[in-house]
Amino acid sequence: MEKVQLIATSTFGMEALVAQEVRNLGYENIKVDNGKVTLSAGMEALCRLNLWLRTADRVRLLMGEFEARTFEELFEKTKALPWAD
Numbered sequence: 037m038e039k040v041q042l043i044a045t046s047t048f049g050m051e052a053l054v055a056q057e058v059r060n061l062g063y064e065n066i067k068v069d070n071g072k073v074t075l076s077a078g079m080e081a082l083c084r085l086n087l088w089l090r091t092a093d094r095v096r097l098l099m100g101e102f103e104a105r106t107f108e109e110l111f112e113k114t115k116a117l118p119w120a121d
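Per this note's numbering, the sequence shown starts with residue 37, numbered consecutively.
Each hint should be verified, as a subset may be incorrect.
Listed next, with one range per pair, are the computed distances between beta-carbon atoms [unchecked claim]:
#1 Glu38 <-> Gly62: 17 to 23 Å
#2 Arg90 <-> Glu112: 34 to 40 Å
#3 Arg105 <-> Arg59: 37 to 43 Å
#4 Glu109 <-> Gln56: 37 to 43 Å
#5 Leu87 <-> Met37: 17 to 23 Å
#6 Leu61 <-> Glu103: 31 to 37 Å
#7 Glu108 <-> Trp88: 36 to 42 Å
#8 Arg105 <-> Met79: 29 to 35 Å
#9 Leu117 <-> Ser76: 16 to 22 Å
#10 Phe107 <-> Leu53: 34 to 40 Å
With a straight-line Cα cutoff of 25 Å, these simulated DMTMM-like cross-link-like pairs (lysine to aspartate or glutamate) come out [unchecked claim]:
#11 Lys67 <-> Glu101
#12 Lys67 <-> Glu38
#13 Lys39 <-> Glu101
#14 Lys39 <-> Glu103
#15 Lys115 <-> Glu103
#16 Lys39 <-> Asp69
#17 Lys39 <-> Asp121
#18 Lys39 <-> Glu57
#19 Lys72 <-> Glu101
#20 Lys72 <-> Glu57
#21 Lys39 <-> Glu64
#22 Lys67 <-> Glu80
#23 Lys67 <-> Glu57
#24 Lys115 <-> Glu101
What the hints contain is simulated information worked out from the structure, not anything from laboratory work.
No residue lacks a Cβ here, since even glycine has one placed at the ideal position from N, Cα and C.
Whole structure, please, built from the sequences with the hints as guidance.
Okay, structure coming up:
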């Protein structure tokens with residue numbers, strides 16, 4: 037099963053509660069930051085976490101990372117992400 041990077045966003049100050057909920061659902065290797073909890077898991081975790089997390093705002097899939105200094109650069113690099121995969 038291919039693992040993807042997931043980001044569970046939360047209200048500031050609620051990150052520890054979100055992390056505990058994620059652990060209670062059986063996921064490990066969680067990183068807690070301001071306003072978010074990140075983890076690596078399979079795609080089924082995206083649906084499962086969105087369904088069962090109560091303190092998270094939403095769960096997002098990290099498609100890629102890059103630096104953009106202009107709107108044109110942002111547009112081109114976003115278009116180049118592997119959306120079909």
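For the pair supplied as a hint, Lys39 and Glu64, is the alpha-carbon distance within the 25 Å limit? Satisfied, since the Cα-Cα distance of roughly 13 Å is no more than 25 Å.
Between Leu87 and Met37, is the Cβ distance one that fits in 17 to 23 Å? holds, 18 Å
Taking the beta carbons of Glu109 and Gln56, is their distance inside 37 to 43 Å? With Cβ atoms ~39 Å apart, the hint holds.
Quick check on a hinted range of 29 to 35 Å for Arg105 and Met79, using CB atoms only. holds, 32 Å
Check the hint pairing Lys115 with Glu101 against an upper bound of 25 Å on the C-alpha distance. Cα-Cα ~12 Å, so holds.
Sort out whether Asp121 lies within 25 Å of Lys39, counting only the CA atoms. holds, 13 Å
Pair hint outcome, Lys39 versus Glu101 [Cα-Cα no greater than 25 Å]: holds, 16 Å
Are Lys39 and Glu57 close enough, with their CA atoms no more than 25 Å apart? With a Cα-Cα distance of about 20 Å, the restraint between Lys39 and Glu57 holds, given a limit of 25 Å.
Holds or violated: Lys67 and Glu57, Cα atoms, limit 25 Å. It holds: about 13 Å lies between the C-alpha atoms, which stays within 25 Å.
What's the verdict on Lys115 and Glu103, does the C-alpha distance respect the 25 Å limit or exceed it? holds, 14 Å
Status of the given 34 to 40 Å range, CB of Leu53 versus CB of Phe107: With Cβ atoms ~37 Å apart, the hint holds.
Keeping to a limit of 25 Å between CA atoms, is the pair of Lys72 and Glu57 held or broken? holds, 13 Å
In summary, this structure violates none of the numbered hints.
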